[in-house]
Amino acid sequence: MSQRYEIRFSGAGGQGLILAGVIMAEAASIYDGKQAVQSQSYGPEARGGASKSEVIISDSAIDYPKATVVDALLALTQEAADKYSHDLKEGGVLLIDSDMVKNIPAGNFKTVAFPIINTAKNDVGREIVANIVALGAMVALTEVVTKEGAEKAVLARVPEAFVELNKKAFQMGYEKAIAARA
Amino acid sequence: MAKKVAFLQGNEAAAQGALYAGCTFFGGYPITPSTEVAEVMSAELPKIGGKFIQMEDEIAAMAAVIGASLTGAKSLTATSGPGLSLKQELIGYACIAETPVVIYNVMRGGPSTGMPTGPSQSDVMCAKWGTHGDHPAICLVPASVQEIFEETVRAFNLAEKYRTPVMVMPDEIGAHMRERIVFPEPGELEVINRTAPSVSPAEYKPYDTKFGDVPPLAAFGSDYRFHVTGLNKAEDGFPTTKATLVQAEEERQIRKVDANIDDIVTFEEYMLDDAEVAIVAFGSTSRSARFAVNEARKQGIKAGLFRIKTFWPFPDKQIAALAGKVKAFITPEMNLGMCTGEVKRCVEGKASVTGIFRVDGEPINPGQILEMIKEVK
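Chains A and B, in that order, are what the protein sequence lines are. The first sequence begins at 1 in this note's numbering and counts up by one. The second sequence begins at 1 in this note's numbering and counts up by one.
Next up, chain B with everything else stripped away, as it sits in the complex (with noise of 0.2 Å):
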């Protein structure tokens, strides 16, 4: 049977990838430009016997999430840069108490009410430094429909398999961008969901490092009960303030991601084998880059493309063995200079690192890259 085909904006995308992943619980605050998520969620969730719930505010959205997902349902709000501060403190509950829940960000300009319905890239670092404290983050940034479908759907994966938040943050153009997608058969993309507990509900310790760094997590309304606080806690998941538990607590929380770096990191190279210019790009910044990539290469120019697909954890490891090869990067992106600094970092000075920066609303055009490739090269 021949695969069902559509052509879907990019945030309706997401909320079918949220579906395929098993999504059974939105809680949102609509806000521009991801309302379309909340409205395919409103009159998709209904009809597969999950919930839909509009609250009063984006803290509140994210609270309900967490509350969601402890009972045992895949869980997903949508919101936007000014959503995504008033969510931080949440963010950081849902992190401690390591809870998955996927929080899907369109980038629009900021800071604050910044520019609502303009494209932007501004909000990677929020993503990783937006709440307090030592904490995973994971974040990925999707550069397609057929992509921001996928990616949601590997969100939900990641959230479950590590316990943790997720954030999917395509930029306004890839979210509300329409193209054609082919919809995966059911089964022909991975679904991961959280390990159930293989101990009794009198035995159970909802952080029971015995298990690993990743413990089972069972579900409120069961027969299993156990604690939640903001707190560090114990296994038994009430608070400690004992040293030794804490300092174990904390890394281990790094440790969940850290440890596990490439299987969460992912990336494209295009044109990489030979190129002396490295673009490194990201959302659909790094589609402006590939038609850069290959308007230079008609031109004789060497450039390639080093797509970053998981914005964090960075791809420190890659970006390092390429300083090694070319000898310049370009860091197109829609925010002053967040990407570049990440990159800076990794290249530690093998290479140059220019950036073109853009925060105007207008997204960065294949001219501006060829540009700079020419001027670097």
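The following block holds chain A by itself, in its conformation from the complex (with noise of 0.2 Å):
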């Protein structure tokens, strides 16, 4: 691969987003050994407000560090989706959180659809490693890091007493992404 492939994690503001990205970059850049650049964008509010997090990855050395046409884009919230899927390439994935994103945007591109939020809520137990299911369910829908490389960058990055929590939450968005993309 010595394209760039770029992702974009977008939601609210508070989401964990940008943190999502940074493990996503940090498991090719660190793990798999590619090179990738993660740049973000927010709003002055500390919650709340459109947020996106960019990762672009690559084989070689990569120049402008923004999207430019996005692969794959998630988007945990209505106002994400709409501000955020113009760019989506054709043949692109968009992963949306079926809750919250009622409005689907049309394109030429593939779109997964499960109910991200409420997955991290009642099926792992904690509304606060949504941003860890949608993590989870991009390294599947994308294929751009490895499995293991993504799981290693996820466990780098939580403390100790919750390792479990992410473990799983990673492991259940993988696990749902591949099946709501069948």
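These are calculated hints, taken from the structure and not from any lab test. Please note that a few of the clues may not be correct.
[Stated by the list, open to error] The list that follows gives simulated cross-link-like pairs (lysine to aspartate or glutamate, DMTMM-like), each with its CA atoms no further than 25 Å apart:
no.: 1; chain 1: B; residue 1: Lys4; chain 2: B; residue 2: Glu56
no.: 2; chain 1: B; residue 1: Lys309; chain 2: B; residue 2: Glu362
no.: 3; chain 1: B; residue 1: Lys47; chain 2: B; residue 2: Glu150
no.: 4; chain 1: A; residue 1: Lys176; chain 2: A; residue 2: Asp99
no.: 5; chain 1: A; residue 1: Lys89; chain 2: B; residue 2: Glu348
no.: 6; chain 1: B; residue 1: Lys4; chain 2: A; residue 2: Asp32
no.: 7; chain 1: B; residue 1: Lys4; chain 2: A; residue 2: Glu160
no.: 8; chain 1: B; residue 1: Lys344; chain 2: B; residue 2: Asp134
no.: 9; chain 1: B; residue 1: Lys298; chain 2: A; residue 2: Glu160
no.: 10; chain 1: B; residue 1: Lys205; chain 2: B; residue 2: Asp258
no.: 11; chain 1: B; residue 1: Lys309; chain 2: B; residue 2: Glu249
no.: 12; chain 1: A; residue 1: Lys89; chain 2: B; residue 2: Asp258
no.: 13; chain 1: B; residue 1: Lys3; chain 2: A; residue 2: Glu148
no.: 14; chain 1: B; residue 1: Lys327; chain 2: B; residue 2: Asp273
no.: 15; chain 1: B; residue 1: Lys4; chain 2: A; residue 2: Glu127
no.: 16; chain 1: B; residue 1: Lys344; chain 2: B; residue 2: Asp360
no.: 17; chain 1: A; residue 1: Lys89; chain 2: B; residue 2: Glu203
no.: 18; chain 1: B; residue 1: Lys298; chain 2: A; residue 2: Glu90
no.: 19; chain 1: B; residue 1: Lys256; chain 2: B; residue 2: Glu89
no.: 20; chain 1: A; residue 1: Lys89; chain 2: B; residue 2: Glu188
no.: 21; chain 1: A; residue 1: Lys83; chain 2: B; residue 2: Glu362
no.: 22; chain 1: B; residue 1: Lys327; chain 2: B; residue 2: Glu269
no.: 23; chain 1: B; residue 1: Lys317; chain 2: B; residue 2: Glu362
no.: 24; chain 1: B; residue 1: Lys128; chain 2: B; residue 2: Glu251
no.: 25; chain 1: B; residue 1: Lys47; chain 2: A; residue 2: Glu160
no.: 26; chain 1: B; residue 1: Lys374; chain 2: A; residue 2: Asp32
no.: 27; chain 1: B; residue 1: Lys210; chain 2: B; residue 2: Asp262
no.: 28; chain 1: A; residue 1: Lys176; chain 2: A; residue 2: Glu127
no.: 29; chain 1: B; residue 1: Lys3; chain 2: A; residue 2: Asp32
no.: 30; chain 1: A; residue 1: Lys83; chain 2: B; residue 2: Asp360
no.: 31; chain 1: B; residue 1: Lys3; chain 2: A; residue 2: Glu151
no.: 32; chain 1: B; residue 1: Lys3; chain 2: A; residue 2: Asp59
[Unchecked claim] Here are some of the chain B residues that sit facing chain A, going by a computed Cβ distance under 10 Å:
no.: 33; residue: Gly22
no.: 34; residue: Pro116
no.: 35; residue: Pro119
no.: 36; residue: Ser144
no.: 37; residue: Ser198
no.: 38; residue: Val246
no.: 39; residue: Ser284
no.: 40; residue: Ala289
All C-beta atoms, glycine included, are put in the ideal place defined by N, C-alpha and C.
Hints in hand, dock the two standalone chains.
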């Protein structure tokens, strides 16, 4: 893969999307030996407001650090889906939270939907790990980083006491995305 | 042993670079988008016996780093546009008192509070003309996380070597972006310390030009005592209005930088050998430009990039030389023409200069630059 692969995690401020992007980029850069750049854009609010985190992954040096044509987009809110899906590429992947995004953006891309936040809340047990559920799903759908690398990157970022919770969240997201894609 | 590698944010890299350079004092007043520098310094400085102080405001923070530096500590402050405006009076003080300090300023939108979380490159003129009076200005504009680390080290070196404030000014994109960094081993990058006095405390004068344009600086709190003031001063540090002394002092301060331009000015030339169109860019915009150059080359267009790494002093000589070789310049920047004006000054009408300006909080993307390349070629 000498081409750039561009991923955007979007939703509301406070949902942990910047961290999800950081972990994805670390998986690529530290564990999979690729080049990666993560950048972010957010409003002045501490919570709420549209927030996005972009990850560019490539085998060669990355010049422009922001997205040009997005290969895969995660949208956890309707606002993010509306605001950030315009440059999703043809044949790209859109992952949405089916409870939050009711008006699915139209376009020539594959949409995968499952209740991401609800999975975190009820299946994993803590809503706070919705970003890790989403990350697991994005890893499954994009196949741009290895599952092993991504898991290592998740575990390197979380405190000891929350390792099991995050492992479970990642695995749930990974499995549900594959089931939802089918 | 394998080198230490990390996936780091630009601001975190700046803090690590400062520590590598031997910084032991941070005085600041946290401001988006530079806050992570303060965060890292507050955690790391106590571990090495250094001091971190969160001051009551930006002005006091600048005063604190000047004071700390005069005691011999390499000192850093971090800020962003509105903070840089507030610090200007004391930046002038650091210039005239010839105090080495590093000011890390992340460029966000302005004027005033502007757009706190949006990227910008509109502080570059403030870096030179923000404080009044004739004074030297050094401003570095790194474009990657690795370079933010390295240029922060270099900023300390230049500050110490020339006894003057030095600014490191990434834009918000560079400051908040994360990428892989390979940490240099201790000793791998040059680390310069200020020259200590070679004379006894009784003979010491803080601006003694018999030692050259950059006189040795003693540490407050040691046996050396000296006077520091914002007034024009004589060699002993006390105020003077004597015409010949003031004229000589002002000229020497400017000369510290002007006579050492080749030591200070750094730049990168990419695909310029046969270029007909030269893009002059800095910071994160230079990354868009490089992308655009590669695309243009694929389409058979002879484009190249002159990447400014040191904004002040401006690379006058290099841009002027390029003006004799290329047909057109393109100057993309996240402001309304600050670098463009400087390029035009250097080009002196020998080639066209076309700016691409964006101040909407969005980066200049490679597509915009590529279009302009096709237009001017």
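Hints, one by one, checked against the model:
A hinted pair counts as satisfied when its Cα atoms are at most 25 Å apart, and B:Lys4 with B:Glu56 does not qualify at roughly 36 Å. For the proposed pair B:Lys309 and B:Glu362, the alpha carbon gap of about 22 Å is at most 25 Å, so the pair holds. Restraint check: the Cα-Cα separation between B:Lys47 and B:Glu150 comes to about 22 Å, which is no more than 25 Å; the hinted pair holds. For a cut-off of 25 Å, the pair hint linking A:Lys176 to A:Asp99 stands: about 15 Å separates their Cα positions.
The hinted pair formed by A:Lys89 and B:Glu348 fails the criterion: a straight-line CA distance of about 44 Å is larger than 25 Å. For the proposed pair B:Lys4 and A:Asp32, the alpha carbon gap of about 16 Å is at most 25 Å, so the pair holds. The straight-line distance between the Cα atoms of B:Lys4 and A:Glu160 is roughly 23 Å, inside the 25 Å bound, and the hint therefore holds. Between B:Lys344 and B:Asp134, the direct Cα distance comes to roughly 23 Å. Compliance with the 25 Å bound is thereby established for this hinted pair.
Taken as a hint, the B:Lys298 and A:Glu160 pair is broken in the structure, with Cα atoms around 49 Å apart against an allowance of 25 Å. Under the criterion of a C-alpha separation no larger than 25 Å, the hint pairing B:Lys205 with B:Asp258 is consistent with the structure, at around 24 Å. Pair hint B:Lys309 plus B:Glu249 does not hold up; C-alpha atoms about 29 Å apart against a cutoff of 25 Å. Proposed proximity of A:Lys89 and B:Asp258 is contradicted: the alpha carbons are some 50 Å apart, above 25 Å.
A distance of roughly 23 Å separates the Cα atoms of B:Lys3 and A:Glu148; the hinted pair therefore holds under the 25 Å criterion. With a C-alpha separation of about 13 Å, the suggested pair B:Lys327 and B:Asp273 falls inside the 25 Å cut-off, and the hint holds. Between the alpha carbons of B:Lys4 and A:Glu127 the distance comes to roughly 35 Å, so the proposed pair goes past 25 Å and is violated. A hinted pair counts as satisfied when its Cα atoms are at most 25 Å apart, and B:Lys344 with B:Asp360 qualifies at roughly 24 Å.
Proposed proximity of A:Lys89 and B:Glu203 is contradicted: the alpha carbons are some 72 Å apart, above 25 Å. At roughly 23 Å between alpha-carbon atoms, B:Lys298 and A:Glu90 fall within 25 Å of each other, so this suggested pair holds. Using a Cα cut-off of 25 Å, the hinted pair B:Lys256 and B:Glu89 holds, with the two alpha carbons roughly 21 Å apart. Pair hint A:Lys89 plus B:Glu188 does not hold up; C-alpha atoms about 44 Å apart against a cutoff of 25 Å.
Only pairs whose Cα atoms come within 25 Å are accepted, and A:Lys83 paired with B:Glu362 is accepted, the gap being roughly 14 Å. With a C-alpha separation of about 17 Å, the suggested pair B:Lys327 and B:Glu269 falls inside the 25 Å cut-off, and the hint holds. Between B:Lys317 and B:Glu362, the direct Cα distance comes to roughly 31 Å. Violation of the 25 Å bound is thereby established for this hinted pair. Taking the CA atoms of B:Lys128 and B:Glu251, the gap is near 17 Å; set against the 25 Å cutoff, the hint holds.
With a CA separation close to 23 Å, the supplied pair B:Lys47 and A:Glu160 stays within the 25 Å bound. Restraint check: the Cα-Cα separation between B:Lys374 and A:Asp32 comes to about 38 Å, which exceeds 25 Å; the hinted pair is violated. At roughly 24 Å between alpha-carbon atoms, B:Lys210 and B:Asp262 fall within 25 Å of each other, so this suggested pair holds. Simply put, A:Lys176 and A:Glu127 have alpha-carbon atoms about 16 Å apart, close enough for the 25 Å limit, and the pair holds.
For the given pair, B:Lys3 sits about 17 Å from A:Asp32 by alpha-carbon distance, which is consistent with the 25 Å threshold. A distance of roughly 16 Å separates the Cα atoms of A:Lys83 and B:Asp360; the hinted pair therefore holds under the 25 Å criterion. Taking the CA atoms of B:Lys3 and A:Glu151, the gap is about 24 Å. The hint holds against a cut of 25 Å. For the suggested pair B:Lys3 and A:Asp59, the alpha carbons sit about 21 Å apart, so the restraint of at most 25 Å is met.
With a cut of 10 Å, the hint placing B:Gly22 at the interface with chain A is violated, because the nearest CB-to-CB distance is about 28 Å. A cut of 10 Å between beta carbons decides the hint on B:Pro116: the least distance to chain A is about 5 Å, and the hint holds. The beta carbon of B:Pro119 is positioned within 10 Å of a beta carbon in chain A (closest approach about 9 Å), and the interface hint is therefore held. Taking 10 Å as the C-beta cut-off, the interface hint given for B:Ser144 holds, the closest approach to chain A being about 9 Å.
A hinted interface residue such as B:Ser198 counts as satisfied when its beta carbon comes closer than 10 Å to some beta carbon of chain A; here the least separation is about 47 Å, so the hint is violated. At about 46 Å, the closest approach between the beta carbon of B:Val246 and any beta carbon in chain A exceeds 10 Å, and the interface hint on this residue is violated. Given hint, B:Ser284 at the interface with chain A, holds; its Cβ is 7 Å from that chain's nearest Cβ, closer than 10 Å. The beta carbon of B:Ala289 comes within 8 Å of a beta carbon in chain A, closer than 10 Å, and the hint placing it at the interface holds.
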